[in-house]
Amino acid sequence: MERFIDLSLSAIMLAGLYATMAYGLGLIYGVLRVVNLAHGGVIMAGAYLGWVLFERWGIDPYLALPLVIVASFGLGILMYRLLVRHLPRGPAGGPASLLLLFGTWLVLRNVAYLLFTGNDQSIRTSYSTASVPFLGTYVSVNRLAVLGVAVILPILLQLLLKKTYTGRAIRAVAQNADSCTLVGVDVERIYALTFGIGTALAGVAGLLSATIFSFNPGFGSGELLKSFVVVVLGGLGSILGVGLAAFILAVVEVFAILVLPSYLTSAVGFVMLVLVLVLRPGGLFGHRVLG
Amino acid sequence: MSEPLLQLDAIDVSYGDVQVLFGLSLEVREGEVVTLLGSNGAGKTTTLRAISGLRPPRAGEIRYRGRSLATIPAAARADLGISLVPEGRELWPQLTVRENLDLGAYGARARPHAARNLERVFAMFPRLAERSGQLAGSLSGGEQQMCAIGRALMSEPTLLMLDEPSLGLSPLLVDQVMNTISELHAGGMTILLVEQNLRKALQVAQRGTVIETGRVRLEGTSAELAANPEIRAAYLGI
Ligand SMILES: Nc1ncnc2c1ncn2[C@@H]1O[C@H](COP(=O)(O)OP(=O)(O)O)[C@@H](O)[C@H]1O
Ligand SMILES: [Mg+2]
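For the record, the sequence lines run as chains A and B.
The first sequence begins at 1 in my numbering and counts up one residue at a time.
The second sequence begins at 1001 in my numbering and counts up one residue at a time.
There could be a bad hint or two in this list.
Claimed, not checked - A short list of chain B residues far from chain A (calculated; beta carbon distances all over 12 Å):
| id | residue |
| --- | --- |
| 1 | E1027 |
| 2 | E1090 |
| 3 | A1148 |
| 4 | R1232 |
To be verified - Selected chain B positions facing chain A (Cβ under 8 Å, derived; list incomplete):
| id | residue |
| --- | --- |
| 5 | S1052 |
| 6 | A1074 |
| 7 | A1075 |
| 8 | A1078 |
| 9 | L1084 |
| 10 | P1086 |
| 11 | Q1094 |
| 12 | L1095 |
| 13 | L1103 |
| 14 | G1104 |
| 15 | G1107 |
| 16 | S1155 |
| 17 | E1212 |
| 18 | R1215 |
Calculated from the structure, these hints are not laboratory results.
Everything numeric in this text was worked out from a predicted model, so none of it was measured.
Virtual Cβ for every residue (Gly too), placed ideally from N, Cα, C.
Excised from the complex, chain A in its bound form:
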C-alpha cells in the first residue's frame, strides 16, 4: 500500500512535468504548424541555466524560475526571428523545418558540452532530501514544489489564452490567420510570442527536472519524445487533454516498474505512442485546435 501511494505520487509529479513540456510543444505546433525539434535542447538549456544560477550565484531554483522563464522566452523569440520565421510551414515545409530545428538542438547541445563538459550534474538544495509525512508515507518537499509549479503555470497560461485579447489572438491564429490580420492582429508578432511561450515552458520543465534528475548536455531527448507521446495522446485541444495524457503516460511508466525489467520501462511511452497512432490517430480526446 505504501509503495502504491509512493508510486502514485511519483506519477502525479511526473505528469505535471510532462504536461508542462508537452504543452509548450503542442502550443507551438498548434499555432505555427512547426514541430519544434529543438524543444529538447531548450529543456536542457533550462536545466543548465538553473544549475549555473544555483552553483555560481546561490540562487534557489524556485527563485530562479522567473529568470529562467524570461531567458528561455528570449531564446525562443531569438530562434523565431533568426530561424523559424524563414521556414516553410505545414506539411510541405516539414523536412526543411525539422532538419533546421534538429540542427539548432545539436548546436545547443554542443555549446553545453563546451561550457559544461559532459559530466552529470544536478541541483542539490538544502531541502532536496526533505520530506513531509503524507498518508502513512513520506513525500519529497521538492517534488511537491515541482508539482505546484507544473499545475499553476499551465493554469495561468490557460487564463491568458482564454481571457486576454492576446491569448484569444493566439488561439485564433491557430484556426485562421488571415481573419486575424483582417481584425488588426499582427500575426508575425503572435507567432514570435507563441514560440517564446512554448520555449519558456520547455525551459521551466528543464529547471524543474534538474531539481529531481541528474542531467548532462544530452538531456532532453527522452523528454522531447515523451512530449510527443503526450501531444499525440492528448491532442492540441485543451490543457485538460494534455494534463490527462501526461497523467496516463506517467502512470503507465511508473507502474511498469512493478512488472517490467527496468531497461524496458522507458520503451513504454513509445509503445503507447505507436498504439495510439494506429488505433486513434486523432488522439484520445479528439483534435480540436486550442478551442
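Mind docking chain B with the ligands on chain A? Use the hints.
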C-alpha cells in the same frame, strides 16, 4: 466634388506568376454603396484582398482618404476603418461566437468601444446574443454570416467590404442580409459589396462596376446597369 474615400488606381495583382487583375480602377465615395460585379473568377475577391492588404498590388496604387496604402500593413488597416467580411465567412470555428465578436474589436481604435459595439451587434442580430456561448463552427450558414458581419462591425468600420454575403443562404436570409446592408448604409457607413446576386446587389447599391477577367467591363449607376441590355442578357437572364 470631394475626394473619394477609396480609390483604386490601375492596380495589377498576381498570384505568383499568374496575373489576375489588370490595371483595375475603382472609386468609392463616402456614404455610398458600390457593388462590384462579375462572374466567377473575374477577380472580385482578389480586389477586396488587395484593398485589405492581404494581397497587395504589384503596380498601381490604392488610396484611402487620399493617402496611399502601399506602406500600411494589412494588420494596421482595421484601425483606419477598413473592414472585410470575407468570402466564406472565415470565422474561427473553435472559438465561441462571443470570442469571434470580441476579437473583431482587437484594434487599438475599436477596443475601448468593444462593449458598446457588442450591444449594437446583438441588437442587430439577436440570434447571435442567444448563441454567444456556442462555437462559431456549430452555427448555421445564416448565423455564421451574421457573426462574420458582426465581427467586422466590431471594428467600427468606415468602409465595410462584403464578399458574397448571400452565398449559400436561403432567399429569406438573403433578404435579411440585404436589409442589414441598407440599414448600415442609412447609418452612414460606406459599403463595397461583391455579389453574384446581381438583382439584389443593384437594389441596395447606388453604383456598380462590372469586371471581367480582372478588367473593368462596365460602370454606371444601378439604374443604368439594370437597364443595360448586355447585363440583362448575361446576368439577369432576361
Ligand atoms: N490563391 C490563389 N492562387 C492562385 N490563383 C488564385 C488564387 N485565388 C484566386 N486565384 C485566381 O484568380 C482569379 C480571380 O479569383 P477571385 O478573385 O477569387 O475571383 P472572384 O472572387 O471574382 O470569383 C481566378 O482565376 C482564380 O483562379
Ligand atoms: Mg470570390
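Answer holds if the nearest beta-carbon of chain A is closer than 8 Å to that of B/G1107; otherwise answer violated. Where the cut-off is 8 Å and the nearest Cβ of chain A is about 4 Å from B/G1107, the hint holds.
Quick one, is the B/Q1094 hint okay against chain A at 8 Å, beta carbons? With Cβ-Cβ at 4 Å, under 8 Å, it holds.
Could you let me know if the closest chain A CB is still more than 12 Å away from the CB of B/E1090? Nearest chain A Cβ is 5 Å from B/E1090, so the label is violated.
Measuring from the C-beta of B/A1075 to each C-beta in chain A, is the shortest one below 8 Å? Check passed: Cβ of B/A1075 comes within 5 Å of chain A, closer than 8 Å.
Report holds or violated for the interface hint on B/L1103, using the least CB-CB distance to chain A and a cut-off of 8 Å. holds, 6 Å
Are all C-beta atoms of chain A more than 12 Å from that of B/A1148? Answer for B/A1148: violated, closest chain A Cβ roughly 9 Å.
With 12 Å as the threshold, tell me whether B/E1027 passes as away from chain A on beta-carbon distances. B/E1027 is indeed farther than 12 Å from all Cβ atoms of chain A, at 22 Å.
Minimum Cβ-Cβ distance from B/R1232 to chain A exceeds 12 Å: The assertion about B/R1232 holds, with a minimum of 35 Å to chain A.
Double-check B/S1052 for me: the hint is only fine if its C-beta lies closer than 8 Å to a C-beta in chain A. holds, 6 Å
Let's test the interface hint: is any C-beta of chain A closer than 8 Å to that of B/A1078? Where the cut-off is 8 Å and the nearest Cβ of chain A is about 4 Å from B/A1078, the hint holds.
Using 8 Å as the Cβ threshold, decide whether B/E1212 counts as touching chain A. Violated - the Cβ of B/E1212 stays beyond 8 Å from chain A, reaching only about 26 Å at its closest.
Would the hint on B/P1086 stand, with a C-beta cut-off of 8 Å toward chain A? holds, 7 Å
In terms of the numbered hints stated before, the structure departs from hints 2, 3, 17, 18, listed from lowest to highest.
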